[in-house]
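**Student:** What follows is the residue order along each chain.
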Amino acid sequence: MNLKGLPFKKSAKFLTLLLTSILIASVSAAVYYSLGMTSTISTATTDVWFVKGVDNATAGVSLSPDNTTALLTDLKAYPNASFTYVDPIRVRNNHTSNSYSVRLSPVSLSGNDTEFVFVKFMLRNGTSDDNATLATLWYNCSGSDWTVPSATSWVSMPADTEWAITVQTKAVDSAASASVDIEIAVDVQ
Amino acid sequence: MAAELLPEFFALLGTDLFLMLSLLTCLLDDRFPKALPYIYQIAALAGFGHLLVSRNFFTVFGDYMRFWYCFFYLLVSLTNIVAVNIYFAAVKNEWTLAKVWSGAVTFPTILVSIFFVSNYSYFQGIPFPLFLQVALVVAAIIMGTSVAIFLSPEALRKALKEDKEVRK
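Line by line, the protein sequences are chains X and V. Counting with the numbering used here, you get residues 481 to 669 for the letters of the first sequence. Counting with the numbering used here, you get residues 1105 to 1272 for the letters of the second sequence.
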């Protein structure tokens, strides 16, 4: 088709349509491209949470409504004697088929740093004293300062399993009344 | 990894087909009603509207619904292309133009549309049956050969002439 031979009216009409076509095609392509960039984020329920252990009353355990945070308020450290809370709180993998990797990691520490010897958090491969310790978060006190441990290595937790977090404490000989607040996290991936 | 097609791709394809129809009917306006190119432009704008609706209700409409309303729009644009082809052949009795339109517009657009639909269905886990895939490839080869012959009929004539001479 010879476009040069087209009458002016027809050329103008064609040019107008061509311009509007380019415009519509461009903006449509831009909208399609922006659709490809859209992300859909939806809420999900957790599969791993805390459960009270058999020693929860002794340790003063209270759980948040969604069982994702726990507060242990009645833990004691006795002078020159190790005291163990074998099963105050548990970590539960509630998924029916998926295993998850978990670890213990320190978050914060505040309070007295002279009256304690250590505080240990041990993740057990079960819920009794006989079960092996899989990971330990060991807070040591030198008498003047706390040594904050680094996060433990990841441990694979099978589906539908409960593991106890054992807490062990010790205070110095003839310890005066004192308290320390330790916050730890159970990381899940 | 190849990017997965979104259902809105069919709306985009339909929009572009309507725009192409608008320009072609403008060039051949002595054979069509004067308003037709503008009607096709409005139809293309409707496709743009489709995309905007999809973007604003992305999470409300499921994949299934998005696919069907976009695919329906593409079908409407393809139907228009076929209708123009029939219009040339049956109403205007312009067989040459109908053949050219068929080879240069109708067949390629249908082939391209089938290709993208098969690609989309493959990513959705519902691949086309094998015979349909083979048919698609065969159709593409035939189309390519036909276009080549159509563009240079001399080459075909020469080849046939040589064949006859060899037989003699």
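No lab work stands behind these hints: they were computed from the structure. Treat the hints with caution; some may be incorrect.
To spell it out: a stretch of chain X is covered by chain V in this simulated footprint if at least three of its residues, at any positions, have a beta carbon under 8 Å from a beta carbon of chain V; those stretches are [stated by the list, open to error]:
| # | segment |
| --- | --- |
| 1 | 487-500 |
| 2 | 649-660 |
Dumping the calculated DSSO-like pairs for lysine-lysine here, alpha-carbon to alpha-carbon at most 30 Å [as the list claims (entries may be wrong)]:
| # | chain 1 | residue 1 | chain 2 | residue 2 |
| --- | --- | --- | --- | --- |
| 3 | V | K1265 | V | K1196 |
| 4 | V | K1262 | X | K490 |
| 5 | X | K556 | V | K1262 |
| 6 | X | K490 | V | K1203 |
| 7 | X | K493 | X | K556 |
| 8 | V | K1203 | X | K489 |
| 9 | V | K1262 | X | K489 |
| 10 | V | K1196 | X | K490 |
| 11 | V | K1262 | V | K1196 |
| 12 | X | K489 | X | K532 |
| 13 | X | K493 | V | K1262 |
| 14 | X | K493 | X | K650 |
| 15 | X | K556 | X | K532 |
| 16 | V | K1196 | X | K489 |
| 17 | V | K1196 | V | K1138 |
| 18 | X | K600 | X | K532 |
| 19 | V | K1265 | X | K493 |
| 20 | V | K1138 | V | K1203 |
| 21 | X | K556 | X | K490 |
Glycine included, C-beta positions come from ideal geometry on N, C-alpha and C.
**Student:** Decide, hint by hint, whether the structure agrees.
**Tutor:** Results for each hint:
1. 487-500: holds (count 6)
2. 649-660: That given contact is violated, which follows from only 0 residues of the segment 649-660 of chain X lying within Cβ reach (below 8 Å) of chain V.
3. V:K1265 <-> V:K1196: violated, 35 Å
4. V:K1262 <-> X:K490: violated, 40 Å
5. X:K556 <-> V:K1262: violated, 103 Å
6. X:K490 <-> V:K1203: Status holds; Cα separation ~25 Å.
7. X:K493 <-> X:K556: Roughly 89 Å between the alpha carbons, so the hint for X:K493 and X:K556 is violated.
8. V:K1203 <-> X:K489: holds, 29 Å
9. V:K1262 <-> X:K489: violated, 44 Å
10. V:K1196 <-> X:K490: holds, 22 Å
11. V:K1262 <-> V:K1196: Violated, at about 33 Å.
12. X:K489 <-> X:K532: Outside the cut-off at roughly 85 Å; violated.
13. X:K493 <-> V:K1262: violated, 43 Å
14. X:K493 <-> X:K650: Since the Cα atoms of X:K493 and X:K650 sit roughly 91 Å apart, the hinted pair is violated (cutoff 30 Å).
15. X:K556 <-> X:K532: holds, 18 Å
16. V:K1196 <-> X:K489: holds, 24 Å
17. V:K1196 <-> V:K1138: Measuring from Cα to Cα gives roughly 16 Å; hence the hint holds.
18. X:K600 <-> X:K532: Answer holds: X:K600 to X:K532 is near 18 Å, not above 30 Å.
19. V:K1265 <-> X:K493: The hint is violated at about 47 Å.
20. V:K1138 <-> V:K1203: The hint holds at about 23 Å.
21. X:K556 <-> X:K490: Outside the cut-off at roughly 94 Å; violated.
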